[in-house]
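Visitor: Each chain, written out:
2 protein chains.
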Amino acid sequence: MTMTGKPLIESDRVEGTTVYDPEGNSIGTIKRLMIEKISGRVSYAVMTFGGFLGLGEEEHAIPWHALTYDTSLGGYRTGITEQQLRGAPSIYRSPDYSWTDRQQEQELHDYYGAPYYWGR
Amino acid sequence: MTMTGKPLIESDRVEGTTVYDPEGNSIGTIKRLMIEKISGRVSYAVMTFGGFLGLGEEEHAIPWHALTYDTSLGGYRTGITEQQLRGAPSIYRSPDYSWTDRQQEQELHDYYGAPYYWGR
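Respectively, the protein sequence lines represent chains A and B.
So the number in the working numbering is just where the residue sits in the first sequence, counting from 1, plus 1.
So the number in the working numbering is just where the residue sits in the second sequence, counting from 1, plus 1.
This is chain A alone, in the form it adopts within the complex (with noise of 0.2 Å):
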């Protein structure tokens, strides 16, 4: 993640800020993020996006390390698309998606072609 101003953020500014992809368009909103207990690494950030007044939304956990903070938009840029996101897996909230299973983690940052958070 870029540098800009302080090296902490905190979490209730980070809940809320906006998504945009490789085009700067606004795809979505941080809605939560998703910390490793054991290691209190931020893992996945959770993104709302589409709907139309509130109905609709969908929910995707996408993964922290694809996101980076871009102070000309004032919001996180992420290589990820909007096709990318309706097309991934539905694993957030998925009783099949087990997040102590580090092989669907991989696979799931593979889709996203971004680096693992753990080990690092």
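Keep in mind that the hints were calculated from the coordinates and are not lab data.
Mixed in with the good hints there might be a few duds.
Note: identical chains are not told apart, hence a pair may lie in one copy or across any two.
[Said to hold, decoys possible] Straight line, CA to CA, 20 Å or less: simulated SDA-like cross-link-like pairs of lysine to any residue: (1) K38 to L74; (2) K38 to T101; (3) K38 to G75; (4) K7 to R103; (5) K38 to G76; (6) K7 to L109; (7) K38 to D71; (8) K32 to T69; (9) K38 to G17; (10) K38 to D13; (11) K7 to I39; (12) K38 to Q105; (13) K32 to T82.
Given chain A's structure and the hints, the job is docking chain B onto it.
Guide: Relative to the frame of chain A, chain B by itself:
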């Protein structure tokens, strides 16, 4: 941090969670987390404590690793006492405190007897 249930926790669940001292007394609430941008690691939990009916509340940044989730209490337990909090250097949002100074961060962690979050 003790593993309870799923390995990941949501940031907006941590925010608002009660913090208990070694005797099981509620000493405050987690207001927000502070995240090290470069590594994505949670470094501090900002705790509000004291005050009455919303007045006179204080905010203190305590090391993330000074907290352990306790399922029986339904909140975080810490070895930090209210006395220690009152005597701690007022670093959070202090213009004199530099979050880029590892030495200052080390002194704060030593004050609370908490392991350093960097280099883990």
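Visitor: Quick check: which numbered hints come out false for this structure?
Guide: When the structure is compared with the hints, none of them turns out to be violated.
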